[in-house]
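K.L.:
Sequence:
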Amino acid sequence: MGYMQMEQEDRIYELMMDALDGELSAEDHAELESHLQTRPVMMREWQALQTVDTLFRSTPMLQPAADFTARTVARLPNHRARIRVISVVYVLLLMSGVLPILLGLVVINRLGTVLNEPALLGGFGQVVYNSMQVAGAVVQALFTSIGEFVAQQPFVLGLLLVMVGVVFVWSGVLRQLVGQGDQISNGS
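With our numbering applied, the sequence shown has no gaps in its numbers, which climb one by one up to 755 at the end.
Some hints could be false.
Each pair of labels, with its calculated beta carbon distance range [said to hold, decoys possible]:
1. A704 with Q630: 55 to 63 Å
2. R742 with V658: 24 to 32 Å
3. V652 with V701: 35 to 43 Å
4. D634 with S738: 21 to 29 Å
5. G679 with L659: 27 to 35 Å
6. S698 with F623: 56 to 64 Å
7. T711 with V658: 35 to 43 Å
8. S738 with V705: 27 to 35 Å
None of these hints come from the bench; they were simulated from the model.
Glycine included, each C-beta is placed from N, C-alpha and C at the ideal position.
With the hints as constraints, model all of the structure from the sequences given.
P.N.:
Structure, rendered in structure tokens:
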């Protein structure tokens, strides 16, 4: 019973969308009207959709201001200063990764004789093995719970995909704006 009602509601929504697009035939229009007469909730939904559609169609299109790109690019920081700052950040990140490794090598060099003890190595190996088993169990439980959550709430996956798409779209817009700004500054 629930499945049939869901299919019927989906059909009504399809008819509503076709009617809003102006692609509804006369017989489909009659079918839509009969469904709406028997279902007051769907009638309210139809009226709300028509109101929103009317608002969208009557709202004027927004245009960016004249020389919007040039003004936006002019406000961006200096390209050379930005490259210097990024270079300094990358060097700091590199050093923050290299220094612990160098410190570890110095400790191993100084404590090399102690670390060669067989009993210490066996105990250390057992600790590493147990830690890896615990980490594997945690990661497996995490992925299992994420999988179950996404299966129960598929909108989360859709939301993540939409967020990735928005990031790509806006990064492309920024690239175009920066490219236009470079052309403007080179052309001046």
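K.L.:
Are the hints correct? Go through all of them and say.
P.N.:
Evaluated hints:
1. A704 with Q630: 55 to 63 Å: At roughly 57 Å between Cβ atoms, Q630 and A704 fall inside 55 to 63 Å, so the hint holds.
2. R742 with V658: 24 to 32 Å: 25 Å, holds
3. V652 with V701: 35 to 43 Å: The hint (35 to 43 Å, Cβ to Cβ) holds, given that V652 and V701 are roughly 41 Å apart.
4. D634 with S738: 21 to 29 Å: 23 Å, holds
5. G679 with L659: 27 to 35 Å: 31 Å, holds
6. S698 with F623: 56 to 64 Å: Taking Cβ atoms as reference, S698 and F623 lie about 57 Å apart, which means the hint holds.
7. T711 with V658: 35 to 43 Å: Since T711 and V658 have Cβ atoms about 41 Å apart, the given range 35 to 43 Å holds.
8. S738 with V705: 27 to 35 Å: Because 33 Å falls inside the window, the suggested range holds.
The structure agrees with every numbered hint stated previously.
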